[in-house]
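Mind docking chain D on chain E? Use the hints.
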Amino acid sequence: MAGITITGVVKGFGATPVLRGVSLAVEPGEFVALVGPSGCGKTTLMRIIAGIETADAGEIVINERAVTRLRPAERDIAMVFQSYALYPHLTVRENIAVPLAMRRLSVLERLPLLGRLLPGARRKRASIGDEVRRAAAPLGLEPLLDRRPGQLSGGQRQRVALARAVVRRPAAFLMDEPLSNLDAALRVQTRREIVDIHRAAGVATLYVTHDQAEALTMADKVAVMMGGELLQVATPEAIYADPADLRVAGFIGSPRINTLAAEADAEGRVRVAGVPAGLRAEACGALTLALRPEALRPAAKGLPVAIEHLEFLGDGLLLHARHVPDGAALVARLEPEAREGLQPGAALRLGFAPGRALLFGADGRRVAARADAGLVPA
Amino acid sequence: MAGALMTLPAGIAYLLLLLLPTLATVLLAFTDYELGATALGWIGLDNFREMLADRGFGVSVRNTLVYVGLVTPVSILGGLGLALLVEAGARGRAFFRAVFFLPVVSLTVAMAAAWQYLLHPTIGPVNAALRAMGVGTPFWLSSSDTVLLSLAAIGVWESIGFNMVLFMAGLTAIPRELYAAAEVDGARGGFDRFRLVTWPLLGPTTLFVLTISMIRSLRVFDTVAVLTQGGPNKASEVLLFTMYQQGFTYLRLGYSAAITLVFLAVVLALMWVQTRVLDKRVHYA
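If you're matching them up, the sequences are chains E and D in order. Residue numbering for the first sequence is 0 to 377, as defined by numbering that gives the first Met the number 0. Residue numbering for the second sequence is 0 to 284, as defined by numbering that gives the first Met the number 0.
For reference, chain E alone in the conformation it holds in the complex (with noise of 0.2 Å):
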């Protein structure tokens, strides 16, 4: 059992920093999804942590060992790369078996013919046949052992780079967007099956993605990031209902959380667009007041708003509409039944239950809110 440290990450490529001092662990057995919108650094703290990129400074702890100064090769990990990155001249069932063979076989015995002369290179790559087919086998890929990864699906590929990586044992996974090469059918069956290979090898994961379904769906706990920093690492749900920073709350939920320009007077009661919320903030001054699609419905007191349009979804139906006062787009989940009597143009009033609502500062971290009766809703 094996734990990821990471401890005060920098990392910058010229003058453009990349990382701002970054910190994480992955507990032993954990799944962590590592997000954030492109282009925030993700993809080069995990390429730090597999040792392919050095850091300008910090620390990496992986199993109980320091290994900032060691090789990729030295750090006990697997890698799923993006692009799979299956050697193209090799059959699946060679490309499972390189980092076993690479670890267990000599230079000698690796050699094409003579490998196969020496004494026990026989046996051990014998050993090695059976754990590559072990590997193999709950992927689904023992009938394509013998085919080389260009005559295989995208899917296929995909697996094949699993093996590989479950085949060692390692320490810990490393997952770079292993799924962004998909269809999206695909997708959700492989989240699946990603989930169950954690579960088994029993590991620590770290898992980026762009993709806050994927997230969300199937980690134990999600780190959101953006700009090189860490903004928030928590569980999936509290992730979602209890963001700690306005940046979190936007880019995780879809559709998109509602903001509303809101100010608290020096005794923290809140006012949007002059009128009070209902809510009593631990702050004064400019706030943001942000509700959840679902957290809004139509209701006898609220936010005025003029319906837009309206998106029948199947299962459920998006209100979009304009706060009156400020102009401010919002969005609503409501139940399909709720259609009755909605019609473009008209005028609504959409309530909230004070608990759903978030608050954010100026600088866009968390103000704790509670409910104050004492203030009636418009």
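It is worth saying that the hints were derived from the structure and are not from the lab. Fair warning: there could be bad hints in the mix.
[Said to hold, decoys possible] Restricting the straight-line Cα-Cα distance to at most 25 Å, the calculated cross-link-like pairs of lysine to aspartate or glutamate (DMTMM-like) are:
#1 D:Lys233 to D:Glu86
#2 D:Lys279 to D:Asp191
#3 D:Lys279 to E:Asp145
#4 D:Lys279 to E:Glu93
#5 E:Lys123 to D:Glu86
[To be verified] According to the in silico footprint, chain D covers these stretches of chain E (three or more CB under 8 Å from chain D):
#6 38–51
#7 123–135
#8 350–359
Heads up, the beta-carbon is just placed ideally off N, CA and C, and yes, glycines get one too.
Chain D alone, transformed into the frame defined by chain E:
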């Protein structure tokens, strides 16, 4: 019909410039035609019989094979080594590429004069350096022991830069991710990475370089014609030079054509071996 008509210009050019001259050479090879002669006689395989009996021709074939056997592997391995070194270097890539490529674009005949000076037994810098080190000073181009070696060295110098540039192009086509994967998979040293990634992925490039290098070195002529004239004592006589001498010095065009046919057969045989044997072992991504 219109399609056939469209290919007519190319067809005529092909016929006039390639097919007919080749056919004429093949026919000439079975005659005793000499330049300027008013008549020619069909002598069947006599030209080829003469070739087999001629000690000079045998020497010429042997010299050509030795030359190819020296220049091809050295210029390929050297070109690959240089390409790996230049690619691995942090800076100066364009500079080194230009420096090593220069011999390829320079005129061989002009460069041969420079080599003649460099390798001159008494006033040449090479022997001056050897003398300074207290080592023996060979006669290079004028001794039958070293002349082929000297010509081969010039041949390597000529083509190593070309091979390097081809290998550099091949190297840039290898995805960087594969090296990262090889590192993670346990390829610790440069040799492991070379065996696992570089060499197999350079396969198509290497096959191409091998083909080009063999043909180029089989065709060795300019340096021989300028520097040694096949001497001393036929020690640097090569196929194309023999052909040139027979055809243009002794004006025996029939015999010269027969040598050309042998040369063509050797080239075709090499190409056949390469496509038949090596192509199967090369992986095309």
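Each hint tested on the structure:
1. Distance check on the hinted pair: Lys233 of chain D and Glu86 of chain D sit about 42 Å apart at the alpha-carbon level, beyond 25 Å; violated.
2. Restraint check for Lys279 of chain D and Asp191 of chain D: satisfied, since their Cα atoms lie roughly 24 Å apart, inside the 25 Å limit.
3. Under the criterion of a C-alpha separation no larger than 25 Å, the hint pairing Lys279 of chain D with Asp145 of chain E is consistent with the structure, at around 17 Å.
4. Taking the CA atoms of Lys279 of chain D and Glu93 of chain E, the gap is near 18 Å; set against the 25 Å cutoff, the hint holds.
5. Our distance criterion of 25 Å between C-alpha atoms is broken by Lys123 of chain E and Glu86 of chain D, whose separation comes to about 36 Å.
6. As drawn, the segment 38–51 of chain E meets chain D at 4 residues by the rule of a beta-carbon pair under 8 Å; at three or more, the given contact holds.
7. With 0 residues having a beta carbon nearer than 8 Å to a beta carbon of chain D, the segment 123–135 of chain E misses the requirement of three or more and the stated coverage is violated.
8. For the segment 350–359 of chain E, the assignment as covered by chain D is violated, since 0 residues bring a beta-carbon within under 8 Å of that chain's beta-carbons and 3 are needed.
In this structure, the hints that do not hold are numbers 1, 5, 7, 8, in rising order.
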